[in-house]
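Undergrad: Work the whole structure out from these sequences, hints included.
These protein sequence lines are chains A and B, in that order. Yeah, the first sequence ends on 166 if you go by our numbering, and it's all consecutive. Yeah, the second sequence ends on 840 if you go by our numbering, and it's all consecutive.
What the hints contain is simulated information worked out from the structure, not anything from laboratory work. For glycine and all other residues, C-beta sits at the position ideal for the given N, C-alpha and C. You may find that some hints are simply not true.
Claimed, not checked - Derived DMTMM-like pairs (lysine to aspartate or glutamate); straight-line CA-CA distance at most 25 Å:
no.: 1; chain 1: A; residue 1: K103; chain 2: B; residue 2: D795
no.: 2; chain 1: A; residue 1: K104; chain 2: B; residue 2: D790
no.: 3; chain 1: A; residue 1: K108; chain 2: B; residue 2: E820
no.: 4; chain 1: A; residue 1: K102; chain 2: A; residue 2: E67
no.: 5; chain 1: A; residue 1: K120; chain 2: B; residue 2: E796
no.: 6; chain 1: B; residue 1: K760; chain 2: B; residue 2: E687
no.: 7; chain 1: A; residue 1: K104; chain 2: B; residue 2: E796
no.: 8; chain 1: B; residue 1: K548; chain 2: B; residue 2: E593
no.: 9; chain 1: A; residue 1: K102; chain 2: B; residue 2: D790
no.: 10; chain 1: A; residue 1: K104; chain 2: B; residue 2: E840
no.: 11; chain 1: A; residue 1: K104; chain 2: B; residue 2: E797
no.: 12; chain 1: A; residue 1: K108; chain 2: B; residue 2: E797
no.: 13; chain 1: A; residue 1: K108; chain 2: B; residue 2: D795
no.: 14; chain 1: B; residue 1: K584; chain 2: B; residue 2: E601
no.: 15; chain 1: B; residue 1: K697; chain 2: B; residue 2: D781
Said to hold, decoys possible - Not close to chain A: a few residues of chain B, all C-beta gaps over 10 Å, as computed:
no.: 16; residue: I633
no.: 17; residue: E687
no.: 18; residue: I724
no.: 19; residue: Q758
no.: 20; residue: E778
no.: 21; residue: D781
Claimed, not checked - Computed from the model, here is a short list of chain A residues facing chain B with C-beta under 10 Å:
no.: 22; residue: P75
no.: 23; residue: T81
no.: 24; residue: S98
no.: 25; residue: S99
no.: 26; residue: K108
no.: 27; residue: L110
no.: 28; residue: T112
no.: 29; residue: F141
no.: 30; residue: A144
no.: 31; residue: N147
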Amino acid sequence: MIIRWLSNKEDYMNTMTGKLKSRFEAATGIALIILLTVSLTASVLAADRSFSARYVKPRGDHIKWEVRIPSPPPAAVIVTQYILPGSEILYSSHPLSSYNKKKGVAKWLLTSISPGLLKMDIKISKPIRKKGEIHGEVLFKDASQNTTSSIFMAPKTVKKALEGC
Amino acid sequence: MIDNNQQPRSPSSLVSIDGGKVKFIRESKGLTQLYISTFLGVTTDTVSRWENRKYPKVKWENVEKLAEALEVDVAEIMDYPEEEQEKFDAQIEYPAPSKPANPRKRLIAIVAAVFIVLLAGAVIVNLSHKEVVSITATRFLPKHIPAGKAFPVVIRVESNTEQPFSFILEEKLPENFQVQTGIPEIASIDTKNNMVKWISNSQQSPFYLAYLAYLVQAAPESKAAGEVSFIGQIKADNAPRFERNVSGDSVTEVSDFHWADANTDGVIDDEEILMVYSSVEVLTSLGVDMDRIREIWSSRGYTWNPEKNDYQVVE
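TA: Quick look at the structure:
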């Protein structure tokens with residue numbers, strides 16, 4: 002009787018183990034799907050909340066760039082472009098806040114901006130011919146962390162820069 | 526020696542006993558096999574074999590002694606034919622065999638019981654919990670303020686509840702300071718104690734109070750005021766009522782530097798102007814000259830012109 006009880010117990014344990022195993026696998030699969038969904042959603046939402054900036058045309062005398070403004074937008078953004086010292090700024094798509102001709106530093110203080118893609122361009126008297134002759138910066142205040150953050154802009158490669166001309 | 530069947534027996538005659546009954550009676554009376562064996566003068570193995578029916582026949586004298594040790598009649602331990610056995614069983618109540626426990630059902634029952642207890646606890650806690658409304662006020666004050674020129678003071682009022690809240694906020698200004706304007710509209714100004722009061726009803730969190738204050742420039746010595754302190758208190762008429770001091774910036778220094786020039790380097794830099802613009806709506810509502818600040822920022826810097834009592838932009 003004891004042997005039969007032990008045998009029944011072993012069968013019972015094996016059955017329970019099998020059922021538990023299959024349920025565990027199902028639960029793991031569901032958890033992975035939920036985790037993947039949450040991660041994808043978070044990455045999409047995060048993309049909407051982050052700044053980015055890039056040159057569209059970093060060469061020649063007509064320089065173009067674009068800045069992605071997140072939602073909600075900050076109260077103010079400062080865009081700075083470093084061009085060849087001594088160059089004149091002949092045209093600016095947005096009102097220029099300040100320009101130090103001696104250093105070749107142009108600044109725009111942008112307020113009341115909307116979220117989305119902000120396109121800017123300038124025409125300069127001294128064309129940019131090499132990658133290192135131009136770079137930019139976008140400065141903004143991160144309201145969530147109450148800190149000032151910046152994004153650095155630079156042409157990617159010489160080849161890609163030429164493609165933009 | 527006569528058994529219940531009324532047949533005389535010799536002490537050495539062998540009779541059948543019901544080992545199961547013997548064991549049941551012994552255990553029910555809390556007697557050990559050792560006790561029985563000692564009483565009868567036999568070994569414990571012999572008693573065990575009687576109970577397990579390996580020795581179905583036992584000497585009559587031992588049956589009598591066994592009955593005496595068990596404190597029962599001989600008839601109760603005798604192994605009678607079936608019809609007699611039924612009569613015997615009817616006299617003795619055997620305990621009903623217990624059903625083997627189903628471990629799975631037991632586990633489900635335990636989990637359900639724990640869940641119900643937790644749910645009941647959560648309901649009780651939720652019903653008994655009363656949200657305590659708390660309102661906080663935080664002051665933002667420039668690190669340096671000019672003598673004779675207005676500077677902004679912003680107070681952020683927050684509540685821990687989404688419900689509209691009402692409050693009374695009182696600010697005590699330092700000596701020789703006055704308020705030029707405030708938003709929302711100032712409820713009262715106590716010039717004697719240099720205190721201003723706002724009364725605000727049904728506001729949503731967060732809520733901003735702001736005012737323009739200035740140091741009355743009666744004499745050049747006013748610049749030597751050094752550090753000055755602002756003190757404030759917020760009162761709410763909630764249940765329960767409470768009072769709390771305004772936290773945040775409370776000390777500022779009188780100097781020739783512009784209030785937006787936090788690091789006092791004579792320049793309003795990028796970070797400083799972004800800080801100003803983070804409160805642009807409030808400052809604009811107060812009437813702060815944002816164009817002037819922007820002009821200083823876009824230039825090489827500024828200096829204080831005492832004759833004009835104003836800042837001069839350095840081109």
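Undergrad: Now, for every hint given, state plainly whether the structure supports it.
TA: Results for each hint:
| no. | hint | verdict |
| --- | --- | --- |
| 1 | A:K103 with B:D795 | holds, 19 Å |
| 2 | A:K104 with B:D790 | holds, 21 Å |
| 3 | A:K108 with B:E820 | holds, 13 Å |
| 4 | A:K102 with A:E67 | holds, 23 Å |
| 5 | A:K120 with B:E796 | holds, 23 Å |
| 6 | B:K760 with B:E687 | holds, 18 Å |
| 7 | A:K104 with B:E796 | holds, 20 Å |
| 8 | B:K548 with B:E593 | holds, 14 Å |
| 9 | A:K102 with B:D790 | holds, 23 Å |
| 10 | A:K104 with B:E840 | holds, 15 Å |
| 11 | A:K104 with B:E797 | holds, 22 Å |
| 12 | A:K108 with B:E797 | holds, 15 Å |
| 13 | A:K108 with B:D795 | holds, 10 Å |
| 14 | B:K584 with B:E601 | holds, 16 Å |
| 15 | B:K697 with B:D781 | holds, 23 Å |
| 16 | I633 | holds, 13 Å |
| 17 | E687 | holds, 20 Å |
| 18 | I724 | holds, 29 Å |
| 19 | Q758 | holds, 25 Å |
| 20 | E778 | holds, 22 Å |
| 21 | D781 | holds, 24 Å |
| 22 | P75 | holds, 8 Å |
| 23 | T81 | holds, 8 Å |
| 24 | S98 | holds, 5 Å |
| 25 | S99 | holds, 4 Å |
| 26 | K108 | holds, 7 Å |
| 27 | L110 | holds, 6 Å |
| 28 | T112 | holds, 6 Å |
| 29 | F141 | holds, 7 Å |
| 30 | A144 | holds, 7 Å |
| 31 | N147 | holds, 8 Å |
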